[in-house]
Amino acid sequence: MAAISANCHRDIDLPSATTPRLLQRTETDWPGYRLVVREPLRLDCGVDFGLFTIAYQTYGNLNADRSNAILICHALTGDQYVADPHPITGHPGWWLTMAGPGLVLDTDRYFLICANVLGGCMGTTGPQEIDPATGKPWALSFPLISVRDMVRAQKRLIDHLGIDKLFCVIGGSMGGMQVLEWAASYPDSVFAAVPVAAAARHSAQNIAFHEVGRQAIMADPDWCEGHYLEAGRRPARGLAVARMAAHITYLSEAALHRKFGRNLQDRNAVTWGFDADFQVESYLRYQGSTFVDRFDANSYLYITRAMDYFDLAAEHGGSLAAAFVDTNSRFCVISFTSDWLFPTSESRELVHALNAVAANVSFVEIETDKGHDAFLLHEPELFATLRGFLNGCAEHRGLARA
Amino acid sequence: MSRGATLPLALAVPDVSTPARDRLRRDLRVIADMIEPGARVLDIGCGDGALLHYLASEKGVDARGVELSQSGVNACVTQGLSVIQGDADSDLHAYPAGAFDAVVLSQTLQATRQPRRVLETLVRIGRRAIVSFPNFGYWRIRLGLAAHGRMPVTTLLDHQWYDSPNIHLCTISDFVALCGELGVRVEKSVTLDRYGRPFALDPRGSLANLLAEQGVFVLTTGND
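Sequence order for the protein chains is S and C.
Note that the numbering used here has the first sequence beginning at 30, numbered continuously upward.
Note that the numbering used here has the second sequence beginning at 6, numbered continuously upward.
Mixed in with the good hints, there may be bad ones.
[What the hints assert, rightly or not] Computed Cβ-Cβ distance ranges for the label pairs, DEER-style:
# : chain 1 : residue 1 : chain 2 : residue 2 : range
1 : C       : P101      : S       : G191      : 32 to 38 Å
2 : C       : G188      : S       : S214      : 39 to 45 Å
3 : S       : N92       : C       : D27       : 36 to 42 Å
Calculated directly from the structure, the hints in this document are not laboratory data.
It should be emphasised that the depicted structure is a prediction, and the values quoted were computed from it without experimental measurement.
Beta carbons: idealized from backbone N, C-alpha and C, even for Gly.
Could you put together the complete structure from these sequences and hints?
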């Protein structure tokens, strides 16, 4: 996900099929760490998935008690580069507003960990990697993964790092789903849980938008039934359209109106054609075209599917409260007034389930017109809330002040 | 009802006066003194968290809150208190029976849509419910209405009739009657004058209903 930025709505054409921009996959040069997991992971789809890699990044220092670790869970198209430049695009880290020295996720005080999710395309094993059994990219023979599988993989990493209890697990959107899964699956390993702009299940509307995106990818002839890497092609147009459709859902009508209105792009009148006459079109095309440089189309299919399948209540006999029956974690649930993708009502339902087990919960709805993407943006109320919550938790956890 | 003048004096044993306690609103001091150290407490309508903060820092209470206003919730969470955005009518039903040692509803009952149902919920989810509310039988209110024929505006009821959140006002006698109807036991009660000082009057008597500006009641289901 990316936020609206003022200087990025240049007029850019959609990527064309004749000039595929292949990713420069020199992963070994990318910053961060790799963990090779040898013991197979039993996935929700029933497959025992063995020998896979988790790519992760860390910031700050783990204290002697190993009690100051914060796991950051990234969203659908996010990655482990929370606070340093993206190795492909060179763009700044996606949560620089939040993570760094003296910031809310204070690297002078906490040890931050972020791992690329299972099925991702930034170093953790996903459908673009080589299947050792065939010597070819996994493509659609990669097993379907769930949010719970992503969390199981992260648990292996946390165990590897020798951390019994994470001070906090935090994430927005799909990251928030992982936070909830962590709290439900490993209650003793989570001191504090912060799901932001999230829900305990993916709604019908959200599944519908994901399906539009997947169909756009699969309708692109360059997708080659998923085997585009072997064919030396990339379904860039389909992936760009998927991104454009999804991007609208991350914003709000008010934010789009405020930013673009009906303003024209570098022209005084409409052209009576299908160029990007309007700034909002130009902006979306730019979002689509830059996305395909950094993201794998099959990963997009797999990760959107994992979100669609996410239903925490269904995992616990139909009762959301049952998912949290063993919890001792302190929760801070945060939603945004203009987020129609993960609306406040979903967060409130989650809060009621946590109330049903008398869990320690804070719930804040932040007033903003920036839509779902607000969690990535400069939102002083969000920062103040989280800072207060984390300070309170740190006090209870016995962490020294920075 | 008995009219023994010594009845509420069990309550007149306040905690030691400290600067932190003195900063609390008078009725909140009375409520705070009723709460055991280390208890698990839910404060409904907790405002900016003054009572919760006092209970957590001075009495080691596991303090939780519910607050309707966004600014209040944010102020609470920002100071590290566990507070959810919600209201007494809609956001209490999910809590299990006996989830809290004490549930506090201070100066809020009269602003709920269904005070009867709220009261039932309070005594279900808390082993004790501590409820404070403005007494509409207070003589200044009666006099204001009788002499001037205008809706009363007092220090506790400080809104004009057209913008008041207080939609279900009652007298102390009304409240006691409702507790009787619901089979709710009044474990303790105290009435306060306009300066927030406790009266040595039977809170359930008609004199208290005339002289007290507010009442503080400790309720249980009567089952224990």
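Now the hints, each set against the structure:
no.: 1; hint: P101(C) - G191(S): 32 to 38 Å; result: holds (36 Å)
no.: 2; hint: G188(C) - S214(S): 39 to 45 Å; result: holds (43 Å)
no.: 3; hint: N92(S) - D27(C): 36 to 42 Å; result: holds (39 Å)
In summary, this structure violates none of the numbered hints.
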